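Start from the sequences and build out the full structure, keeping to the hints where you can.
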Amino acid sequence: RSVIVFVLLFVLLFGSSCSVKKVQVGNYQNIDCKKVVYKEDKDMLLFWNLVHVKKTEKGIKVKDYEKVSRRRFFDNVVFYGTAGILSFYTVKIYVKECDQIEIKREEKRTE
143 RSVIVFVLLF
153 VLLFGSSCSV
163 KKVQVGNYQN
173 IDCKKVVYKE
183 DKDMLLFWNL
193 VHVKKTEKGI
203 KVKDYEKVSR
213 RRFFDNVVFY
223 GTAGILSFYT
233 VKIYVKECDQ
243 IEIKREEKRT
253 E
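FYI, the numbering for the sequence shown is 143 to 253, going by the working numbering.
Read the hints as simulated data drawn from the structure, not as lab findings. All values reported here derive from a predicted model rather than from experimental measurement. Incorrect hints may have been included.
What the hints assert, rightly or not - Below, computed lysine-lysine pairings styled on BS3-like, alpha-carbon distance capped at 30 Å:
#1 Lys163 to Lys203
#2 Lys184 to Lys200
#3 Lys196 to Lys181
#4 Lys177 to Lys197
What the hints assert, rightly or not - The calculated label-pair distances, taken between Cβ atoms and stated as ranges, are:
#5 Asp183 to Phe152: 24 to 30 Å
#6 Ser161 to Thr224: 16 to 22 Å
#7 Asn172 to Ile202: 30 to 36 Å
#8 Thr224 to Asp183: 16 to 22 Å
#9 Ile146 to Arg214: 21 to 27 Å
#10 Glu199 to Ser161: 35 to 41 Å
#11 Gly226 to Lys200: 35 to 41 Å
Beta carbons: idealized from backbone N, C-alpha and C, even for Gly.
Put into structure tokens, the structure is as follows:
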């Protein structure tokens, strides 16, 4: 009986950690440049993903980007350990390399 519970927990934690959500913002899809990681952080949500407490893309200075959210093993442990009240997603923001060059130029102008 305890083996069944262990197997179910194992499948629950590892099976759901494979989910990936990709959102492309702006004209990201039409830009033909190499994609690079612009920012990597964790999104924090409350109450079964209904309330955003912390968003990774908040405050970034890019208009065209791709946000890739995935729930890793640690994120699953927190989610299921708190019965969904607290939730984390590992998030990477990708930009095209030609955009990053423009961003660096803009930052130098503002300094």
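Verification of the supplied hints:
1. Lys163 to Lys203: holds (22 Å)
2. Lys184 to Lys200: Holds, at about 12 Å.
3. Lys196 to Lys181: With Cα atoms ~14 Å apart, lysine 196 and lysine 181 stay inside 30 Å; holds.
4. Lys177 to Lys197: holds (21 Å)
5. Asp183 to Phe152: 24 to 30 Å: The hinted range 24 to 30 Å holds for aspartate 183 and phenylalanine 152, with Cβ atoms some 28 Å apart.
6. Ser161 to Thr224: 16 to 22 Å: Since the Cβ atoms of serine 161 and threonine 224 sit about 18 Å apart, the hinted range of 16 to 22 Å holds.
7. Asn172 to Ile202: 30 to 36 Å: The hinted range 30 to 36 Å is violated for asparagine 172 and isoleucine 202, with Cβ atoms some 19 Å apart.
8. Thr224 to Asp183: 16 to 22 Å: holds (20 Å)
9. Ile146 to Arg214: 21 to 27 Å: holds (25 Å)
10. Glu199 to Ser161: 35 to 41 Å: Given range 35 to 41 Å: violated, Cβ gap about 19 Å.
11. Gly226 to Lys200: 35 to 41 Å: violated (23 Å)
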